[in-house]
Every structure is written in C-alpha cells, then in structure tokens.
Amino acid sequence: MTNVELKAELRDIAVARAICKSIRATYVLTFGQIDTYYRVPSGKLKKRETDGEPTEYIFYERPIRASAKLSQFTIYSEEQARERFGSEPLPIWLTVKKMRELYMHSNVRIHLDIVDTLGHFIEFEALVSRDHPIEQCRYSVASLRQQFQPVLGEQIDCGYADLMAQEVDGTPLPRQEPGL
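Its first residue numbered 2, the sequence shown is counted upward by one per residue in our numbering.
Don't read these hints as lab results, they were simulated from the structure.
Please note: incorrect hints may appear among the correct ones.
[Stated by the list, open to error] In silico lysine-lysine, DSS-like type, Cα no more than 25 Å apart, as pairs:
no., residue 1, residue 2
1, K98, K45
2, K45, K22
3, K45, K99
4, K22, K48
5, K98, K48
6, K48, K70
7, K99, K22
8, K99, K48
9, K99, K70
[Unchecked claim] So the derived label-pair ranges between C-beta atoms look like this:
no., residue 1, residue 2, range
10, A19, G87, 45 to 55 Å
11, G33, Y140, 25 to 35 Å
12, R40, D132, 13 to 23 Å
13, Q137, L91, 33 to 43 Å
14, S78, L103, 17 to 27 Å
15, T27, H121, 18 to 28 Å
16, A19, Y140, 22 to 32 Å
Using N, Cα and C, we set each Cβ at its ideal position, and we do this for glycine too.
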C-alpha cells in the first residue's frame, strides 16, 4: 500500500482540534499506541499495539524529507510477520509510546499525537487508491497543511523512532534523501 504523508510539530493541540471541527473533519477516537521497532537490514519494521485492536506488524520504506512524501507499507498479522521475518525474536531497536487522536477528512487521516518524551505532533496520511491517485493525495495533504498553518511547527523529515533515538542516545538523524 502507498500513502502520501506529512508530519510536523504541533504548537497548540486545542487550536488543532478547533481547525478539525471548522473543516468538518470527523473525529474517530482517541487511543494509546505502543510501537516496538526492530532492527532489520532495510526499511523499518514495527510491532504496533493499539488499545482494543489486534497487534499488527508494519513494514515500511519512505524517503527522509520534511515535505510530503510517499510511504510504501505492508501490514502483517502476527502469524504473517513470523512467516515473513522468521520465528526467532528480532533485535529490538526502541519503543515509542503515544496517545493519538484520529480524525478523517475525505481520505486523509489526521493524527494529533502526544508522543512520550518528544511532545506534540500532527500527521496527515492520505491513502493512495484508484479513487484517490497520488496527485490528488498530494493536493489534499497540501490543502490541509495550509488550513493547519497556524498550529504547525517545524516539519519533521523522519519518524518518531528516529527522533526518539536522537533524544535517547544521541544517534544522528538519518541523512536527507532525495524526494519522490
């Protein structure tokens, strides 16, 4: 699967909620998530534990850039993950815990995230499909970026795990890669 995504620091979560309401984004729910990242040769693999949902394993690859980017991902059940990545435990890299408020605006998921030790972030994820081609998804994300401009801080070019690694042990952030 493919999505177009953009992540940024969130300056004011209350104003972000008000913007969601003003653009008629549909509030879905608030939930906790724990993402355990594993060391794999390429890409990223995380085990996602979401309150009230089955555990998922998500493998993804995406460029490291602050602007909207394409992310290629596959979601596996626990059984599928064992078949794909082996039955031996993988080495754990780190764990990211967050509270997420989920809103939907057309085909775009709006995440208002509070990430342990890192702070507040906003994420837009537009799922690419036959009904929503890449260019339409890019337009939707760019439009939301403009609407949320008053609460956006610095755009983030990497994932929470990379930010957490930097925070925890001083691991350098990944190099900027050319965009898609």
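Here is what the structure says about each hint:
{"no.": "1", "hint": "K98 - K45", "verdict": "holds (17 Å)"}
{"no.": "2", "hint": "K45 - K22", "verdict": "violated (33 Å)"}
{"no.": "3", "hint": "K45 - K99", "verdict": "holds (18 Å)"}
{"no.": "4", "hint": "K22 - K48", "verdict": "violated (32 Å)"}
{"no.": "5", "hint": "K98 - K48", "verdict": "holds (12 Å)"}
{"no.": "6", "hint": "K48 - K70", "verdict": "holds (22 Å)"}
{"no.": "7", "hint": "K99 - K22", "verdict": "holds (22 Å)"}
{"no.": "8", "hint": "K99 - K48", "verdict": "holds (14 Å)"}
{"no.": "9", "hint": "K99 - K70", "verdict": "holds (22 Å)"}
{"no.": "10", "hint": "A19 - G87: 45 to 55 Å", "verdict": "holds (47 Å)"}
{"no.": "11", "hint": "G33 - Y140: 25 to 35 Å", "verdict": "holds (32 Å)"}
{"no.": "12", "hint": "R40 - D132: 13 to 23 Å", "verdict": "violated (37 Å)"}
{"no.": "13", "hint": "Q137 - L91: 33 to 43 Å", "verdict": "holds (36 Å)"}
{"no.": "14", "hint": "S78 - L103: 17 to 27 Å", "verdict": "holds (21 Å)"}
{"no.": "15", "hint": "T27 - H121: 18 to 28 Å", "verdict": "holds (21 Å)"}
{"no.": "16", "hint": "A19 - Y140: 22 to 32 Å", "verdict": "holds (23 Å)"}
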